[in-house]
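Taking the hints into account, I'd like the entire structure generated from these sequences.
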Amino acid sequence: MAPPLSRRTLLQAATVAATASAASLAGGGRGLAAPAAGATAEAPTAWTVRPFALEDVTLRPGLFAAKRELMLEHARGYDVNRLVQVFRANAGLPTGDAVAPGGWEGLDGEANGNLRGHYTGHFLTMLAQAHRGTGERVFADKTDTVVTALTEVREALRRDPVVLSTDGRFGTAVENVRGSYQYVDLPSQVLGGAAAITLSAWVRPTHAGNWARVLDFGDDTTRYLYLAARNGNGVPRFAVTTSGPGGEQGLDGTAPLPLDTWSHLAVTLADGTGTLYVDGAAVARDTSMTLTPAALGTLAHHWLGRSHFPADPVFAGAFDEFNVWSRALTAAEIAALQEARAADTPAGRGDLASYALDETSGSTFANASGRGPAATLRRTWGGPSHPGFLAAYPETQFIDLESMTGSDYTKVWAPYYTAHKILRGLLDAHLATGDERALDLASGMGDWMHSRLSKLSAATLQRMWGIFSSGEFGGIVEALCDLHGLTGRAEHLASARLFDLDRLIDACAENRDILDGLHANQHIPAFTGYVRLYDETGEERYLTAARNFWDMVVPGRMYGIGGTSTGEFWKASGVIAGTMGATTAETCCAYNMLKLSRALFFHEQDPKYMEYYERALYNQVLGSKQDRPDAKNPLVTYFIGLTPGHVRDYTPKQGTTCCEGTGMESATKYQDSVYFARADGSALYVNLYSPATLKWAEKGVTVTQTTDYPREQGGTLTVGGGSASFELRLRVPAWAGAGFRVTVNGRAIRGNPVPGSYFGVSRTWRGGDTVRVSVPFRLRAEKALDDPTLQTLFLGPVNLVARDPSTDHLKVGLYRNAGLSGDLLPSLTPVPGKPLHFSLDGVEWAPFFEGTEDPTHAYVRRSEPRVVFGGTDSGVANPARAGGTTLLDEIWAGAPFDDKAALVARVRSTVADWVSAGLLGEADGAKVVNTAQRATYAP
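The sequence shown: position 575 = 575 (our numbering), numbered continuously.
These are computed hints drawn from the structure, not numbers from a lab.
There may be inaccurate statements among the hints.
For lysine-lysine, the following BS3-like pairs were computed, each having C-alpha atoms within a straight-line distance of at most 25 angstroms [said to hold, decoys possible]:
#1 Lys608 - Lys571
#2 Lys811 - Lys834
#3 Lys783 - Lys608
#4 Lys783 - Lys811
#5 Lys455 - Lys411
#6 Lys653 - Lys632
#7 Lys653 - Lys411
#8 Lys653 - Lys571
#9 Lys927 - Lys900
#10 Lys783 - Lys571
Spelled out as structure tokens, the structure:
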């Protein structure tokens, strides 16, 4: 058990700010006050800039606040008791009326629900972020409900399972909740070597699981007898064998047992005749059954609710009285058992075994036959290897992973990934509400991981982490580093280092690209963790590998919207058009690339990281959330297909997927990277233009952005509070080109803002100072790296998509009215009353960030068949070089032009080159130059 965590220990939070955004630590115990402005965790000393806590940056009305509100409505309306249902079931606790979320969180979901529990962690993080971002009590209350339940779950897992009582057929019965993996272990002498026998049990199944056993007495899968509530055809079956399934002598029912209804099952076996009874009626008889319990000899196991075949489900439902007689009861005696307990019928209690199963507490069941000891309630998997274990399923997946050599997610599906989500959620819950129980649960998980993993060899660990899917561990390294920052326990940092995947780290540190064929989201979050390990250890290998890894993804494996991966995997760098399909751009990848970009920026303020951040946030991340509220589903995409006419699916797969989880998180932390501060407090970075107010307590000032960006091309920053000296560093987007302007209190600031950099304004700021930033948008086309004719359009930071049901790439020409600046926007016509909406050749174009179900084209086929300037057609076909570059491409590559004369000069020189190269006739060249001279151009 983890030691108590003192207040002093809690304040050892020097490193937790990596993902907690320098979170506030509220009061002790179960305090649930709104986020306090008190003690703030310090950033790692390796960081040269630091983030602000979510509660220090308030979203103002605008695009992000509107998107967030949709997710907040989901968070407010969702019953969190559903989330903990699978945890409570695994611990054998009552689940009440709660219905498990289903999908990946359900036992009937993909891969048998082997990932269940992960979604609860995501949801906890969302609640924590929502509470810190809004201060609303409802989110703290829901967090408390989940943490309370998980505390009870861990305590239950630490002890032997305890009886759950329910209403029985004649009184009280014992319930076996689906997902509890519990069974009743009967004493070895229950059959007594009898030559004749009657088995009788009342059952109330709650799930139609084929081959779930009412009882199974045997040694293994060779010698046994069993009674199943459902066979492969869904009807009851009794069988006995000494030679495995092929030698079974059996009896099959004729109809399925009804769910949630008490049914009586009985089997008599004597003198070569076996009979199966259901509710007092004989439904099967075989007069050639030669095997009896005596023929089986002494058996090792006698179970109620568990099968000797590991793949068979544990019985889910309730058991009432169970009896075994050393004779075959008559049909009349079986019929009488339908109306009363056995003791009150002519048959009397079973003489070999008689269990009323009416206990209401404890872990044992009395045997009223007068023969043999009590039965015991047990778990199929025994119990946790360490008291810190916490999960929504048995420890089996973690155990099995240690011997796996290949992936099989139907058996083991990323258990450490799920553990990460739970751990991260608990850390975020603690940081948002001050609930020390959450930190104690997290600390226990860290202790358990260290206990389990530290015993394994380095070779075993490397093999485990290299297995696709089964060995995926998500952001566990980052979370363990953050946990270490809170607890100071050396074991927690040691655990983080046990997740080193040396083959990948070493290759990336050497700048060797081995990403082709790797599962994208399995590896992106690992590098965010390795950056944190650099913070903790100072080992350059980690940071160098992460930097190089980022460069291997951006831009070589990045789609225009900022997403990456195709069918969840990476292909060779530079292959973009060749990987587009219906399953491109997994949403989790964008979420994790944002986290990695942010982590790298803390160490090196290279604008490329925030350029990417803006691209992915304003496009894929915003566009992955549907623009409508829903209490049941978060409405977030899994994949965003880039095929022509793709319609986004906001209720993907079976639900409760990883991408819906990260989508919930993204939508409640939009403000986390708007502002950063230099570590020494000498500068404030404005990374994103977004309506948000910063409370900079260290300087005693506020900074408020007022803007409708990206519907507005710029914004106003107003300083409030007292006076403070610092440099205001404003990001100049790489796409901004000429025209980025800054004024302070109405006066222009001298300087030369360079696209793809930061523009600094240093002064002593006073309350009321106003900074106006103008960021001119231009329409530009970005080419797919492997097919320059396949292009995606951007207006400033906004990706524009064509809304059209066609499943072929649309052919689009854009030079026809291009402006002297190179801006392609004049070729499009604004749609009145719909900001950022345009039309071109009868097709509407809209921002990617709008979460609709319209069929869209993110990429189009660029087609400029004729040379046109300013809307004037030269009548000349637009020639192309062997590589696909056209005459117009080369002309407009010289933009921006100071004036029309500069453009005409460019046209004249380019035409001369093409004529000289034999690519364009002289007469056609003259027509092109003449047309350029006659045309009228937008600025």
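How the hints compare with the structure:
The straight-line distance between the Cα atoms of lysine 608 and lysine 571 is roughly 23 angstroms, inside the 25 angstroms bound, and the hint therefore holds. For the suggested pair lysine 811 and lysine 834, the alpha carbons sit about 24 angstroms apart, so the restraint of at most 25 angstroms is met. As the CA atoms of lysine 783 and lysine 608 are separated by approximately 19 angstroms, the hinted pair is consistent with the 25 angstroms bound. For the suggested pair lysine 783 and lysine 811, the alpha carbons sit about 14 angstroms apart, so the restraint of at most 25 angstroms is met.
Under the criterion of a C-alpha separation no larger than 25 angstroms, the hint pairing lysine 455 with lysine 411 is consistent with the structure, at around 23 angstroms. Distance check on the hinted pair: lysine 653 and lysine 632 sit about 15 angstroms apart at the alpha-carbon level, within 25 angstroms; holds. A threshold of 25 angstroms between alpha carbons decides the hint, and for lysine 653 with lysine 411 the separation of about 19 angstroms falls inside it, so the pair holds. Straight-line distance between C-alpha atoms of lysine 653 and lysine 571 comes to about 23 angstroms, which keeps the hinted pair within the 25 angstroms bound.
About 17 angstroms separates the Cα atoms of lysine 927 and lysine 900, which keeps this hinted pair within 25 angstroms; it holds. As the CA atoms of lysine 783 and lysine 571 are separated by approximately 18 angstroms, the hinted pair is consistent with the 25 angstroms bound.
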